[in-house]
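Engineer: On the provided structure of chain A, position chain B as indicated by the hints.
Number of protein chains: 2
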Amino acid sequence: MFHRMVVVGVGLVGGSLALAARRRGLAKEIIGYGRGEKNLRLAQSKGIIDRYFSHEEKIPKGADLLILATPVQATVSLAASFLPSLEPGCLISDVGSVKARIVQEMERLLPSHIPFVGAHPIAGSEQWGAQAAVPDLFSGRRCILTPTRNTDADALKKMMGFWRQVGAKVEVMDANLHDRILGVVSHLPHVLAYALVNTLSQTDVDSVDLKNYCSGGFKDFTRIASSRPEIWRDICLVNRRAIGRSLGHYIKRLELLRRWIRDGEGDLLEREFAQANEVRRQIS
Amino acid sequence: MFHRMVVVGVGLVGGSLALAARRRGLAKEIIGYGRGEKNLRLAQSKGIIDRYFSHEEKIPKGADLLILATPVQATVSLAASFLPSLEPGCLISDVGSVKARIVQEMERLLPSHIPFVGAHPIAGSEQWGAQAAVPDLFSGRRCILTPTRNTDADALKKMMGFWRQVGAKVEVMDANLHDRILGVVSHLPHVLAYALVNTLSQTDVDSVDLKNYCSGGFKDFTRIASSRPEIWRDICLVNRRAIGRSLGHYIKRLELLRRWIRDGEGDLLEREFAQANEVRRQIS
Numbered sequence: 009m010f011h012r013m014v015v016v017g018v019g020l021v022g023g024s025l026a027l028a029a030r031r032r033g034l035a036k037e038i039i040g041y042g043r044g045e046k047n048l049r050l051a052q053s054k055g056i057i058d059r060y061f062s063h064e065e066k067i068p069k070g071a072d073l074l075i076l077a078t079p080v081q082a083t084v085s086l087a088a089s090f091l092p093s094l095e096p097g098c099l100i101s102d103v104g105s106v107k108a109r110i111v112q113e114m115e116r117l118l119p120s121h122i123p124f125v126g127a128h129p130i131a132g133s134e135q136w137g138a139q140a141a142v143p144d145l146f147s148g149r150r151c152i153l154t155p156t157r158n159t160d161a162d163a164l165k166k167m168m169g170f171w172r173q174v175g176a177k178v179e180v181m182d183a184n185l186h187d188r189i190l191g192v193v194s195h196l197p198h199v200l201a202y203a204l205v206n207t208l209s210q211t212d213v214d215s216v217d218l219k220n221y222c223s224g225g226f227k228d229f230t231r232i233a234s235s236r237p238e239i240w241r242d243i244c245l246v247n248r249r250a251i252g253r254s255l256g257h258y259i260k261r262l263e264l265l266r267r268w269i270r271d272g273e274g275d276l277l278e279r280e281f282a283q284a285n286e287v288r289r290q291i292s
Numbered sequence: 009m010f011h012r013m014v015v016v017g018v019g020l021v022g023g024s025l026a027l028a029a030r031r032r033g034l035a036k037e038i039i040g041y042g043r044g045e046k047n048l049r050l051a052q053s054k055g056i057i058d059r060y061f062s063h064e065e066k067i068p069k070g071a072d073l074l075i076l077a078t079p080v081q082a083t084v085s086l087a088a089s090f091l092p093s094l095e096p097g098c099l100i101s102d103v104g105s106v107k108a109r110i111v112q113e114m115e116r117l118l119p120s121h122i123p124f125v126g127a128h129p130i131a132g133s134e135q136w137g138a139q140a141a142v143p144d145l146f147s148g149r150r151c152i153l154t155p156t157r158n159t160d161a162d163a164l165k166k167m168m169g170f171w172r173q174v175g176a177k178v179e180v181m182d183a184n185l186h187d188r189i190l191g192v193v194s195h196l197p198h199v200l201a202y203a204l205v206n207t208l209s210q211t212d213v214d215s216v217d218l219k220n221y222c223s224g225g226f227k228d229f230t231r232i233a234s235s236r237p238e239i240w241r242d243i244c245l246v247n248r249r250a251i252g253r254s255l256g257h258y259i260k261r262l263e264l265l266r267r268w269i270r271d272g273e274g275d276l277l278e279r280e281f282a283q284a285n286e287v288r289r290q291i292s
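Chains as they are written, first to last, in this note's numbering: chain A, 9 to 292; chain B, 9 to 292.
Some hints could be false.
Over 12 Å on every C-beta distance to chain B, these chain A residues come out as not near it, computed from the model [unchecked claim]:
#1 ARG32
#2 LYS69
#3 ALA88
#4 GLU113
#5 ASN158
#6 LEU164
Sample of chain A residues lacking proximity to chain B, with all beta carbon distances greater than 12 Å (derived) [unchecked claim]:
#7 HIS63
#8 GLU95
#9 ARG116
#10 GLY175
#11 ILE259
Pairwise CB distance ranges (calculated) [as the list claims (entries may be wrong)]:
#12 A:GLY274 - B:THR156: 24 to 34 Å
#13 B:ARG249 - A:LYS219: 21 to 31 Å
#14 B:GLU45 - A:ASP182: 48 to 58 Å
#15 B:PHE61 - A:GLY274: 39 to 49 Å
#16 A:LEU264 - B:ASP217: 22 to 32 Å
#17 A:GLN173 - B:GLY44: 48 to 58 Å
#18 B:ARG116 - A:ARG270: 21 to 31 Å
#19 A:LEU264 - B:ARG249: 10 to 20 Å
#20 B:ASP217 - A:GLN173: 26 to 36 Å
#21 B:GLN139 - A:ARG116: 50 to 60 Å
#22 A:GLY274 - B:GLY44: 32 to 42 Å
Everything labelled a hint here was simulated from the structure, so no lab data went into it.
By construction, the Cβ of each residue, glycine as well, lies at the ideal position given by its N, Cα and C atoms.
For reference, chain A alone in the conformation it holds in the complex:
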């Protein structure tokens, strides 16, 4: 399908995509790029990539697919630095958790002979780096593509096929809508989990080490607080409006619960919890 696929950022998502593409024969050669040579060597030794390079200007000739899999603030600037060396027709795509700004800036940046398709596979975990990459990360998971009216139709078709081949359920969606949805279902919970862990560590209860008393509920709740700080810093900055809004809604809800708890409103609390029960049941 592709001759030379370049993966920028061979981490959990980039590395898994390389493995999945290789397994499905979607690229003849897969080449890695990244800041950390140790991670790139690991990726090569694990067979995730065939080889790697580490200076933007040295992108190999003949690359026809460039996947940007870095923290979202780096996406566009990296594309800009690769651009002078790219050959016409090289398709660029990404895997970022925020889409509107990336899509807009990529369209502003790229000439018409370098097509771009924004993509976000809703898959991942709190693990990082090439050592976390697995070939079936995208199996049965949603991958949202966010073309605009300017998006090259052939490029879109190619990327839809590509994601389907690696097992994803492809969905096409407006980039702004994507960001508003993800702001609630994914970005908000990450912020909440980080905040809970820090609230715990900054609460003093008679100098007891509270970490010793955390059980399954706390651990599940905060698993995502092990996610990579840089990635989530960038997501918060780039999708700040949607995250700010959902954080505002959430704080309001907590204020309400705090009042109900203070005032001993048992019926209201029970109703609140029962509603959550029912909705949560529909999610799993």
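Structural biologist: Using the frame of chain A, we list chain B on its own:
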């Protein structure tokens, strides 16, 4: 160890304790009590209890251990209704997630010939009822006992042995301290999970069904929102002060994060997330 153990509330915790006690030979006969006869029949058919009764006044003669394993608001009033039929020396204990008020009210209620030891095994899951009971629920888990200076020393010793026998790591702690610790590490996350699910269901993003976009992070985060509403209503009411306080701290932290996100404070956000990373690592 005990001749006739009565378990009031044969649910996840009460039922598991019955199974564990039976397996370790800690009670010759185990008798269930509860409001739902269907659950009691299930418990009997699964061998969790030998038999059951369903009117307080009909508590079997010769009960020497009464375990109260109901939502915490029911604990003391149930003890009061059993009291006239209890024989001197019958030991009462509980498994409630809140201790100070229960311990205080039980001491006020009970005569000196009916000893009480407050207990809270930090074990559980979001599942309910006798069908969720398992004999090893307490293996390796902490069980906090909260005696006061009035607590009968023999009764305390017996309950420490009992919990050790079912595999728990016993810890003795002041009831108020217990409630403040659990208010942060357990009660707060439950309230937050319920609130997140309800925030999701009350957020309208172009009429999209947001539930379809929830992935692993959201699901882990909100697993505890499947916990039984009655139980958590009671915990919120009985431990309202500690929960209110930790909810207040948490809301403040979220307000801070909201400002940082709004103002694009990347460095502060990254530091916040990296700190949480480090603390979370120490928990698992």
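Engineer: If any of the earlier hints don't hold here, list their numbers in rising order.
Structural biologist: 11, 15, 22
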